[in-house]
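Sequence lines, in order, name chains A and B. Quick note on my numbering: the first sequence kicks off at 1 and runs consecutively. Quick note on my numbering: the second sequence kicks off at 1001 and runs consecutively.
By construction, these hints were calculated from the structure, which means they are not laboratory data. Accuracy of the hints is not assured; some may be wrong.
Here are the simulated DSS-like pairs of lysine-lysine, each with C-alpha atoms no more than 27 Å apart in a straight line [claimed, not checked]: (1) A/K42 - A/K5; (2) A/K68 - A/K57; (3) B/K1042 - A/K42; (4) A/K102 - A/K5; (5) A/K102 - A/K42; (6) A/K68 - A/K102; (7) A/K102 - A/K58; (8) B/K1057 - A/K102; (9) B/K1042 - A/K68; (10) B/K1078 - B/K1057; (11) A/K102 - A/K71; (12) A/K57 - A/K5; (13) A/K5 - B/K1042; (14) B/K1083 - B/K1042; (15) A/K15 - A/K42; (16) A/K68 - A/K5; (17) A/K102 - B/K1042; (18) A/K71 - A/K5; (19) A/K71 - A/K58; (20) B/K1083 - A/K102; (21) A/K102 - B/K1078; (22) A/K42 - B/K1078; (23) A/K58 - A/K5; (24) A/K42 - B/K1057; (25) A/K42 - A/K57; (26) A/K68 - A/K58; (27) A/K102 - A/K57; (28) B/K1042 - A/K58; (29) B/K1078 - B/K1042; (30) B/K1057 - B/K1083; (31) A/K15 - A/K102; (32) A/K58 - A/K15; (33) B/K1057 - A/K5; (34) A/K42 - A/K58; (35) A/K71 - B/K1042; (36) A/K71 - B/K1057; (37) A/K71 - A/K57; (38) B/K1042 - A/K57; (39) B/K1057 - B/K1042; (40) A/K42 - B/K1083.
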Amino acid sequence: QQQVKQSPQSLIVQKGGISIINCAYENTAFDYFPWYQQFPGKGPALLIAIRPDVSEKKEGRFTISFNKSAKQFSLHIMDSQPGDSATYFCAARLWDKIIFGKGTRLHILP
Amino acid sequence: EPEVTQTPSHQVTQMGQEVILRCVPISNHLYFYWYRQILGQKVEFLVSFYNNEISEKSEIFDDQFSVERPDGSNFTLKIRSTKLEDSAMYFCASSEDYGTVQETQYFGPGTRLLVL
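Isolated chain A (complex conformation) (with noise of 0.2 Å):
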């Protein structure tokens, strides 16, 4: 199964409030798990990746949460901001391919 599962399609938070975005996969040979942030008009930017070897990642206000045995990870957004208001998509990487989940809209409310 090549892919990528991610929920919830839309998410509308606070401002300074924390988002969360969740994925799940199957297939074991993935190896490398980006996430990538999408503003209309504009192609995808890488925000932040993962190994499947490190349980998470940290990065500012943006922290991967890696779990290898169930098979999922997320995105926690800390202290969201209007400006974080855009698509984000987890990702998985199958030899030279990414592999895109559907997105998640995100707004986050002034």
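Please build the complex by placing chain B on the supplied structure of chain A, with the hints as guidance.
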């Protein structure tokens, strides 16, 4: 900061016509990719290219599609006879390496293709 560039930003074409989408990857990158995103849907892998040949392609990348690196800087996607369902945003991406810390794929801003 170096970035992937794509031209044109928008392309409108008639069904059955050939289109060429152009990309300039980041200069020291060796791996090149095309993805597409149909409006409102997820980004889908089309093809990867390394050392002047296709290394992997998806089911979407049929005989109507071809890629080329005609010189040291450009990377092109050609759709020989466009269909209505080819209407999408096409993203070029590049990476310096694979399987190392330089493995990040950097995406261009995309070309929005509309087939009428």
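Cross-check of the supplied hints:
1. A/K42 - A/K5: It holds: about 23 Å lies between the C-alpha atoms, which stays within 27 Å.
2. A/K68 - A/K57: Distance ~14 Å between A/K68 and A/K57 Cα, so the pair holds.
3. B/K1042 - A/K42: holds (14 Å)
4. A/K102 - A/K5: Roughly 7 Å separates the two Cα atoms, so the pair holds.
5. A/K102 - A/K42: Given that 27 Å is the threshold and the Cα spacing comes to 16 Å, the pair holds.
6. A/K68 - A/K102: Within the cut-off at roughly 21 Å; holds.
7. A/K102 - A/K58: holds (23 Å)
8. B/K1057 - A/K102: Holds. B/K1057 to A/K102 sits at ~20 Å (cutoff 27 Å).
9. B/K1042 - A/K68: holds (24 Å)
10. B/K1078 - B/K1057: Holds: B/K1078 and B/K1057 sit about 14 Å apart, inside 27 Å.
11. A/K102 - A/K71: holds (17 Å)
12. A/K57 - A/K5: holds (20 Å)
13. A/K5 - B/K1042: holds (11 Å)
14. B/K1083 - B/K1042: Satisfied, since the Cα-Cα distance of roughly 20 Å is no more than 27 Å.
15. A/K15 - A/K42: holds (24 Å)
16. A/K68 - A/K5: Status holds; Cα separation ~15 Å.
17. A/K102 - B/K1042: Since the Cα atoms of A/K102 and B/K1042 sit roughly 5 Å apart, the hinted pair holds (cutoff 27 Å).
18. A/K71 - A/K5: Satisfied, since the Cα-Cα distance of roughly 11 Å is no more than 27 Å.
19. A/K71 - A/K58: holds (19 Å)
20. B/K1083 - A/K102: Since the Cα atoms of B/K1083 and A/K102 sit roughly 24 Å apart, the hinted pair holds (cutoff 27 Å).
21. A/K102 - B/K1078: holds (26 Å)
22. A/K42 - B/K1078: holds (21 Å)
23. A/K58 - A/K5: Roughly 22 Å between the alpha carbons, so the hint for A/K58 and A/K5 holds.
24. A/K42 - B/K1057: Holds, at about 24 Å.
25. A/K42 - A/K57: Distance of about 26 Å is within 27 Å: holds.
26. A/K68 - A/K58: Since the Cα atoms of A/K68 and A/K58 sit roughly 17 Å apart, the hinted pair holds (cutoff 27 Å).
27. A/K102 - A/K57: holds (22 Å)
28. B/K1042 - A/K58: OK: B/K1042 and A/K58 at ~25 Å, within 27 Å.
29. B/K1078 - B/K1042: holds (22 Å)
30. B/K1057 - B/K1083: Distance of about 19 Å is within 27 Å: holds.
31. A/K15 - A/K102: Satisfied, since the Cα-Cα distance of roughly 24 Å is no more than 27 Å.
32. A/K58 - A/K15: holds (20 Å)
33. B/K1057 - A/K5: holds (22 Å)
34. A/K42 - A/K58: Given that 27 Å is the threshold and the Cα spacing comes to 25 Å, the pair holds.
35. A/K71 - B/K1042: This hinted pair holds, its Cα atoms lying about 20 Å apart.
36. A/K71 - B/K1057: holds (26 Å)
37. A/K71 - A/K57: holds (16 Å)
38. B/K1042 - A/K57: Between B/K1042 and A/K57 the Cα gap is close to 25 Å, so the pair holds against 27 Å.
39. B/K1057 - B/K1042: At roughly 17 Å apart (the allowed maximum being 27 Å), B/K1042 and B/K1057 satisfy the hint.
40. A/K42 - B/K1083: With Cα atoms ~24 Å apart, A/K42 and B/K1083 stay inside 27 Å; holds.
Violation of the numbered hints given earlier is absent; every hint is satisfied by the structure.
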